[in-house]
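Could you put the whole structure together from the sequences, leaning on the hints where they help?
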Amino acid sequence: MKHLFWVAAALFALTACGKEEPAAPAEDVTAIEAPAPEAVADEAATDEAEEVATETLEVVEESASEEALEPEDQAIVLAVADTEVEAREWKYKEGQHYFRLMPTQPTVGGADKIEVAESFMYSCPHCFTLEPYMQKWLETKDPGVRFVRIPAVFNRLAMMHAQTYYTAELLEKNGMIADLAEFNNAAFIEYHNRGNRLTRVEAIQKLFERFNVSAEEFDKAWNSFPVNQKMRVGADLVRRYGITSVPTIVVNGKYRTSAADAGGYDELLELIDELTVREGLR
Numbered sequence: 129m130k131h132l133f134w135v136a137a138a139l140f141a142l143t144a145c146g147k148e149e150p151a152a153p154a155e156d157v158t159a160i161e162a163p164a165p166e167a168v169a170d171e172a173a174t175d176e177a178e179e180v181a182t183e184t185l186e187v188v189e190e191s192a193s194e195e196a197l198e199p200e201d202q203a204i205v206l207a208v209a210d211t212e213v214e215a216r217e218w219k220y221k222e223g224q225h226y227f228r229l230m231p232t233q234p235t236v237g238g239a240d241k242i243e244v245a246e247s248f249m250y251s252c253p254h255c256f257t258l259e260p261y262m263q264k265w266l267e268t269k270d271p272g273v274r275f276v277r278i279p280a281v282f283n284r285l286a287m288m289h290a291q292t293y294y295t296a297e298l299l300e301k302n303g304m305i306a307d308l309a310e311f312n313n314a315a316f317i318e319y320h321n322r323g324n325r326l327t328r329v330e331a332i333q334k335l336f337e338r339f340n341v342s343a344e345e346f347d348k349a350w351n352s353f354p355v356n357q358k359m360r361v362g363a364d365l366v367r368r369y370g371i372t373s374v375p376t377i378v379v380n381g382k383y384r385t386s387a388a389d390a391g392g393y394d395e396l397l398e399l400i401d402e403l404t405v406r407e408g409l410r
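Residue numbers (my numbering): 129 to 410.
I should point out that these hints are in silico values taken from the structure, not numbers from a laboratory. We treat Cβ as the ideally placed atom computed from N, Cα and C, and that holds for glycine. Be aware that a few hints might be false.
Claimed, not checked - List time: in silico SDA-like cross-link candidates among lysine to any residue, alpha-carbon distance up to 20 Å:
no.: 1; residue 1: LYS348; residue 2: GLU402
no.: 2; residue 1: LYS219; residue 2: GLU402
no.: 3; residue 1: LYS348; residue 2: ARG384
no.: 4; residue 1: LYS219; residue 2: GLY392
no.: 5; residue 1: LYS147; residue 2: ALA343
no.: 6; residue 1: LYS301; residue 2: VAL236
no.: 7; residue 1: LYS334; residue 2: ASN351
no.: 8; residue 1: LYS264; residue 2: ILE317
no.: 9; residue 1: LYS241; residue 2: ASP270
no.: 10; residue 1: LYS221; residue 2: VAL329
no.: 11; residue 1: LYS301; residue 2: LYS348
no.: 12; residue 1: LYS334; residue 2: MET304
no.: 13; residue 1: LYS147; residue 2: ASN283
no.: 14; residue 1: LYS269; residue 2: GLU402
no.: 15; residue 1: LYS334; residue 2: GLU310
no.: 16; residue 1: LYS334; residue 2: GLY303
no.: 17; residue 1: LYS301; residue 2: VAL276
no.: 18; residue 1: LYS147; residue 2: PRO253
no.: 19; residue 1: LYS264; residue 2: GLU246
no.: 20; residue 1: LYS301; residue 2: ALA343
no.: 21; residue 1: LYS301; residue 2: ASN283
no.: 22; residue 1: LYS147; residue 2: ARG367
Stated by the list, open to error - Pair by pair, the computed Cβ-Cβ distance ranges are:
no.: 23; residue 1: GLN224; residue 2: PHE275; range: 21 to 29 Å
no.: 24; residue 1: LEU308; residue 2: ASP240; range: 15 to 23 Å
no.: 25; residue 1: ALA309; residue 2: ARG228; range: 41 to 49 Å
no.: 26; residue 1: GLN224; residue 2: ARG322; range: 37 to 45 Å
no.: 27; residue 1: ALA331; residue 2: GLY303; range: 23 to 31 Å
no.: 28; residue 1: SER352; residue 2: GLU267; range: 29 to 37 Å
no.: 29; residue 1: GLU217; residue 2: ARG338; range: 48 to 56 Å
no.: 30; residue 1: MET230; residue 2: GLY323; range: 19 to 27 Å
Here's what the structure looks like:
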């Protein structure tokens with residue numbers, strides 16, 4: 129038993145970055161005010177700002193979304209699901225490979241699709257390792273599944289990197305960045321392969337320049353209300369989901385898992401598909 133304990137501990141250490149793991153010297157990081165985790169979507173100063181925030185990010189409580197649906201619309205049946213799936217024996221076990229969130233927590237998008245959320249940090253080597261697996265999964269995922277990323281904000285550097293991600297996401301939405309996945313890969317490579325820790329706004333802005341984003345466009349997005357609002361919502365969801373290490377996957381605000389829990393990266397992708405199928409049959 130003692131041997132099994134140390135094997136399990138070693139597997140977890142190899143597949144996750146902990147909340148307390150140091151990222152970079154604090155004095156190298158441009159100071160950023162920490163987002164209030166309690167604030168989900170109530171910080172808009174004007175009606176116009178609220179409208180922008182609504183278009184940018186919609187947090188949906190499952191209980192509320194279910195009440196608004198007609199009975200026949202409540203089940204989201206995935207393309208991969210069939211009538212025999214309910215009777216099958218599931219490979220992965222609750223409490224061992226994944227954990228149920230009680231109560232079910234909000235999701236980023238609406239109830240029209242089943243949401244798979246990855247919480248990550250650019251500074252996490254395991255997130256970098258997981259990235260090609262997730263890109264492969266995205267190529268074949270069910271159309272009834274929506275994938276979102278939620279940067280974890282465990283420290284000041286992670287907070288700056290979260291702002292980097294949400295800025296890139298906004299610029300892609302506005303047509304100024306062609307491929308967010310390509311930008312994410314470049315950010316990972318800067319940190320892990322080139323030794324560029326992206327600790328200052330100037331260094332981050334130069335990364336955006338490589339994607340043909342001007343300094344003016346970058347500044348406007350970086351300091352925008354939608355990016356600030358997304359950071360607040362993301363920090364709140366990380367807290368609600370009980371995420372203490374990354375990468376962590378949350379399915380529809382209901383199930384939390386990781387590569388360490390699933391038994392590896394390939395197993396994690398299998399587990400994600402299994403959980404989305406189960407969720408589609410409810």
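Verification of the supplied hints:
Taking the CA atoms of LYS348 and GLU402, the gap is near 41 Å; set against the 20 Å cutoff, the hint is violated. For the hint pairing LYS219 with GLU402, the CA-to-CA distance comes to about 8 Å; that is within 20 Å, so the pair holds. About 35 Å separates the Cα atoms of LYS348 and ARG384, which puts this hinted pair outside 20 Å; it is violated. For the proposed pair LYS219 and GLY392, the alpha carbon gap of about 14 Å is at most 20 Å, so the pair holds.
With a C-alpha separation of about 32 Å, the suggested pairing of LYS147 with ALA343 is violated against the 20 Å cut-off. For the hint pairing LYS301 with VAL236, the CA-to-CA distance comes to about 16 Å; that is within 20 Å, so the pair holds. This hinted pair checks out: LYS334 and ASN351 have alpha carbons roughly 16 Å apart, not beyond 20 Å. Distance restraint check for LYS264 and ILE317: the Cα-Cα separation of roughly 18 Å lies within the 20 Å cut-off, and the hinted pair is therefore satisfied.
Of the supplied pair hints, the one linking LYS241 and ASP270 holds, its CA atoms being roughly 10 Å apart against a limit of 20 Å. For the given pair, LYS221 sits about 44 Å from VAL329 by alpha-carbon distance, which is inconsistent with the 20 Å threshold. Distance check on the hinted pair: LYS301 and LYS348 sit about 14 Å apart at the alpha-carbon level, within 20 Å; holds. For the hint linking LYS334 to MET304, the alpha-carbon distance of about 15 Å falls within 20 Å, and the restraint holds.
Distance check on the hinted pair: LYS147 and ASN283 sit about 8 Å apart at the alpha-carbon level, within 20 Å; holds. With a CA separation close to 12 Å, the supplied pair LYS269 and GLU402 stays within the 20 Å bound. Our distance criterion of 20 Å between C-alpha atoms is met by LYS334 and GLU310, whose separation comes to about 16 Å. Taking the CA atoms of LYS334 and GLY303, the gap is near 19 Å; set against the 20 Å cutoff, the hint holds.
As the CA atoms of LYS301 and VAL276 are separated by approximately 14 Å, the hinted pair is consistent with the 20 Å bound. With a CA separation close to 14 Å, the supplied pair LYS147 and PRO253 stays within the 20 Å bound. Using a Cα cut-off of 20 Å, the hinted pair LYS264 and GLU246 holds, with the two alpha carbons roughly 14 Å apart. The suggested pairing of LYS301 with ALA343 holds, with an alpha-carbon distance near 18 Å, which does not exceed 20 Å.
Annotation: proposed proximity of LYS301 to ASN283 is violated, straight-line Cα distance about 27 Å (limit 20 Å). About 12 Å separates the Cα atoms of LYS147 and ARG367, which keeps this hinted pair within 20 Å; it holds. Restraint check, GLN224 to PHE275: a C-beta distance of roughly 24 Å satisfies the suggested window 21 to 29 Å. Between LEU308 and ASP240 the beta carbons are some 21 Å apart, a value that agrees with the proposed interval 15 to 23 Å.
As the Cβ distance of ALA309 to ARG228 is approximately 30 Å, the hint placing it in 41 to 49 Å is violated. Look at GLN224 against ARG322: about 39 Å separates their beta carbons, and that is inside 37 to 45 Å. The hinted range of 23 to 31 Å is satisfied by ALA331 and GLY303, whose Cβ atoms lie roughly 25 Å apart. A beta carbon spacing of about 31 Å between SER352 and GLU267 agrees with the range 29 to 37 Å that was offered as a hint.
Range check, GLU217 to ARG338: Cβ separation about 49 Å, and the 48 to 56 Å hint holds. Between MET230 and GLY323 the CB atoms are about 42 Å apart, so this pair departs from the stated range of 19 to 27 Å.
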